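**Q** Protein chains in written order, with my numbering: chain A, 279 to 528; chain B, 2 to 271.
Treat the hints with care, as some may be off.
[Said to hold, decoys possible] Covered, in the sense of this in silico footprint (three residues per stretch, anywhere, with C-beta under 8 Å from a C-beta of chain B), are these stretches of chain A: (1) 332–345; (2) 438–449.
[What the hints assert, rightly or not] Which residues of chain A face chain B? A partial, calculated answer using Cβ under 7 Å: (3) Lys431; (4) Thr435; (5) Trp527.
Simulated from the structure, these hints should not be mistaken for lab results. Fair warning: this is a prediction, and the values are worked out from it, not measured in the lab. We treat Cβ as the ideally placed atom computed from N, Cα and C, and that holds for glycine.
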Amino acid sequence: MKRWLPPTLAIVVLVGAWQVAASTGAIASALNLESFLVPSPAEISSSLWENRSLLAENAWVTLREILIGLGCALVTGLGLALLLHLSETLRRAIYPLLVSTQAIPIVVVAPILVVWFGYGILPKVLIVALVCFFPIAVGALDGLRNVDPDTVKLMRTLDASRSQIFHRVEIPTALPSTFSGAKIAAAVAPIGALFGELAGSSSGLGHLIVQDNAQLEVARLFASVVVLAAIGIALFGLTALAERRVVTWR
Amino acid sequence: MNAEGGRISAVETAPSLPDGAGIAVRGVEHAYGELRTIERIDLAVEPHGVVGLVGPSGCGKSTLLELICGLRDPLAGAIEISGVGDSPGRLARCAYMPQRDLLLPWYSALDNAALALRNQGARKGRARERAAALFERFGLAGFEATAPAELSGGMRQRVAFLRTLLAGKPVLALDEPFAALDAITRAEMQGWLAAALRADPRTVVLVTHDVEEALYLSDRVAVLSARPARIVAELRAPEPRAPDRDGAVTDPDFVAVREEAMRALREGMR
Ligand SMILES: Nc1ncnc2c1ncn2[C@@H]1O[C@H](COP(=O)(O)OP(=O)(O)OP(=O)(O)O)[C@@H](O)[C@H]1O
Ligand SMILES: [Mg+2]
Numbered sequence: 279m280k281r282w283l284p285p286t287l288a289i290v291v292l293v294g295a296w297q298v299a300a301s302t303g304a305i306a307s308a309l310n311l312e313s314f315l316v317p318s319p320a321e322i323s324s325s326l327w328e329n330r331s332l333l334a335e336n337a338w339v340t341l342r343e344i345l346i347g348l349g350c351a352l353v354t355g356l357g358l359a360l361l362l363h364l365s366e367t368l369r370r371a372i373y374p375l376l377v378s379t380q381a382i383p384i385v386v387v388a389p390i391l392v393v394w395f396g397y398g399i400l401p402k403v404l405i406v407a408l409v410c411f412f413p414i415a416v417g418a419l420d421g422l423r424n425v426d427p428d429t430v431k432l433m434r435t436l437d438a439s440r441s442q443i444f445h446r447v448e449i450p451t452a453l454p455s456t457f458s459g460a461k462i463a464a465a466v467a468p469i470g471a472l473f474g475e476l477a478g479s480s481s482g483l484g485h486l487i488v489q490d491n492a493q494l495e496v497a498r499l500f501a502s503v504v505v506l507a508a509i510g511i512a513l514f515g516l517t518a519l520a521e522r523r524v525v526t527w528r
Numbered sequence: 002m003n004a005e006g007g008r009i010s011a012v013e014t015a016p017s018l019p020d021g022a023g024i025a026v027r028g029v030e031h032a033y034g035e036l037r038t039i040e041r042i043d044l045a046v047e048p049h050g051v052v053g054l055v056g057p058s059g060c061g062k063s064t065l066l067e068l069i070c071g072l073r074d075p076l077a078g079a080i081e082i083s084g085v086g087d088s089p090g091r092l093a094r095c096a097y098m099p100q101r102d103l104l105l106p107w108y109s110a111l112d113n114a115a116l117a118l119r120n121q122g123a124r125k126g127r128a129r130e131r132a133a134a135l136f137e138r139f140g141l142a143g144f145e146a147t148a149p150a151e152l153s154g155g156m157r158q159r160v161a162f163l164r165t166l167l168a169g170k171p172v173l174a175l176d177e178p179f180a181a182l183d184a185i186t187r188a189e190m191q192g193w194l195a196a197a198l199r200a201d202p203r204t205v206v207l208v209t210h211d212v213e214e215a216l217y218l219s220d221r222v223a224v225l226s227a228r229p230a231r232i233v234a235e236l237r238a239p240e241p242r243a244p245d246r247d248g249a250v251t252d253p254d255f256v257a258v259r260e261e262a263m264r265a266l267r268e269g270m271r
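Isolated chain B, as found in the complex (with noise of 0.2 Å):
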């Protein structure tokens, strides 16, 4: 998997980079009717960070995605995204990746990745051109014809993340977007999203089940409560980090922090 990684890394990096945007969540309250998802939440990430959010199921993590993607408005307090604080404005910075892959099947995969410059405007040959460039490089050159329904889970994860990437917004919101792998693949795939984004930087907000996932990727993760959401804890991933993911994940710092962590989760299930 590492091998993979390092030739990620190793290449230039993307040909129109964006630049870093912050992100301020402030007093923020939802609720779906009666059903209260989230009770306030405060978070910063900064600009080219990456923050992990990790809480019990059904907690509203999902919906708190939503809410910073622009998706949905706030019942209270601020959402702010390089300062620009309404819903389109939001939405023009985000893309999303959802908890399930929801890749098209009229699609190829090259087409699926190429969703976004379509979107964008750009000629079926150029958008294909820009997706075929990065296909290469995320290991799934020769399946650009391929239907989406004959990749395998990990593939489908990785067009699916190139979908993301191409759409060229300076925040990722990633909703677990490796829960449906087996433990193997999904390790592997830790490894290269954790390779990509040192090719392609970006803030990203990664929604995940998995406390060492989120600490193995993330600059730091919060922890949140059972529905309605609240931050229980805010942690610090240990720097710096063994470059594979099987060092970093075993280092005695990275597992004291885990534990932690998993306290926490089982606090806020309370």
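Chain A on its own, in the form it takes in the complex (with noise of 0.2 Å):
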């Protein structure tokens, strides 16, 4: 009860604050505007409710996006990290090249992905997927050389075979820096997926922000957000509680 009691308070003191500024008007002449340029929370949750199902169809489109997206960079990243672990020369040689895939610029990459596979879902899983795999798999990679080598004797004199080292000893290992490494990815999935519909896309909430903000359909625009936002809060907390409910030492 005491844990959730100051974020609380801290987010009903900032959006009561909002709430004040916004419906006397107080934002909109300080910033020159018209009013209806700057919505109130009232107004967002207002509009949240009234477009619920047109939110709710492309918040779908947008969350199987980053899913399926999250489910790629998983497989992927955990094989690479395993693959590097397994061969140190491969690792000399790929990790480089693993850096060199955060260094390409998202927002350059996505109008790329899209002009070559189009509207539809394909573009916007690769870019949820590149920029999802690269924490998971140094995370994982990170891990997995965490494993202490005088353990690894150790299991050796209790007759262990290579898998039974890589069960009971490496994969816990590396668990809990994994773990670091998929939340990172889980909270940076959203805005991932929202680049790649940015870029060009026909359904998802990312197509809804940019049709609303050519309408200045400003109260919209922000209920969008806080779907996205819901998302990738979302995504955070269930790999939070997949963390501890698995990495139960810690």
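The task is to assemble the complex, starting from two chains supplied on their own in separate frames and drawing on the hints.
**A** This is the structure in structure tokens:
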């Protein structure tokens, strides 16, 4: 109970202040804007309610992109980490390449992928996978590097096979850091999907945001952002929950 | 501590007692690259014998244990256990208790103790059953489900020793098993180990910093020089020993041999 109090209080105070500032027109007049361009939290929530089916429909599209992209990133990230763990030569050869995938600016790549793969789900999945792959692979790889060589020696004198050492020592050692990577991936995945949709799409929260921006539907635009943020928070929370259930020894 | 020791030895011996295996180390040399760790070591341990190794810090004691266990191969010389000289063969016959207890934090005390049984293919239930039977004897009853981090230092050491014992190997290589403990727990654990080995005899190579510990627990003690290690003296522990630890270590014969070992240790450090 006590743990939840400070963050809840902080949010209430912030939203309350925003409500007062927006509904009295203080922000709009300070920025010299029409007041409908600065929606209050109350207006955003009523827009959330009124557009619930439209938002849900588009949120589902974006969520699917995120989940499939995250899944691809998990499979390839963990797979690559394992491969590089098994071969030191491969690790030295590929690690710099792996880092360079993060140097590629998504803003530039997204439109190119849309040109190549069209307005469908594929380019979005690829972009989500691209941004999520790195934290997962690096987390798993660092975790596997933490394996204590003395523990491996001990396991060998206790008659452990290579695969038993892997299951009983290497995987558990690597889990905490792998989960750290997965939490980062869960938090950035919605941003990846959004970039993909902004570059070209016919549905999804990003598509809705582009439209509402053009039509000055500011309250609904904020509503979309709230939904996207909720997806990110939920994914992060679920990953953290999974971590707490799996990594019980920390 | 002695009541505890008596209880252990009173219980019938372990179910599958391995046959005794002798160790023969002949002319062994070793180096890590340029760093010479072991000069030339000859050492023989008879089946069910206990040999202590003492030597200055960093002289190569742990390295020698790893060589005996088949975790490393010597640069020159030969090591045989029951006549088997290749490293996989040695590995199959030795259980190593490392300097740090290295209990796996993701397993309970019981599952840590049962690790070797699991590795050898025993079902989880069966492995736990066999380990649990010994928990009672080792004064660990009630702590089966406890996480290693929540055990006291002495208990962790006992779980680590139990894990080594349950591997069912004829040779135990113990690397400073009690170095991390306070003096009182340490004395208690020495009495406990002596009793455990009486109940379930094995061929033991025991590395320690502590001359008194080595002499109390071993039949014979080899004193090593500073790196590169060679044996500067081999001393026989005085017999017969008083049944309790305090009586044993204050016996005049024991004190005399201890002083001799200390002298050899000092000589070897130069
Ligand atoms: N894997 C390794 N690679 C290179 N050098 C090593 C390695 N392991 C140990 N050494 C070095 O070899 C020497 C002997 O090490 P070893 O651990 O066998 O000594 P020790 O007698 O067990 O020491 P301590 O009493 O501190 O446990 C030390 O100088 C150590 O730094
Ligand atoms: Mg050592």
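**Q** For every hint, state whether the structure bears it out.
**A** Here's how the hints hold up against the structure:
1. 332–345: Our answer is that it is violated, as 0 residues pass the Cβ test (under 8 Å) against chain B, missing three.
2. 438–449: holds (count 5)
3. Lys431: holds, 5 Å
4. Thr435: Result: holds, 4 Å to nearest chain B Cβ.
5. Trp527: Because about 4 Å separates A/Trp527 from the closest Cβ in chain B, which is inside the 7 Å limit, the hint holds.
Hint 1 from the list above is the single one not met by this structure.
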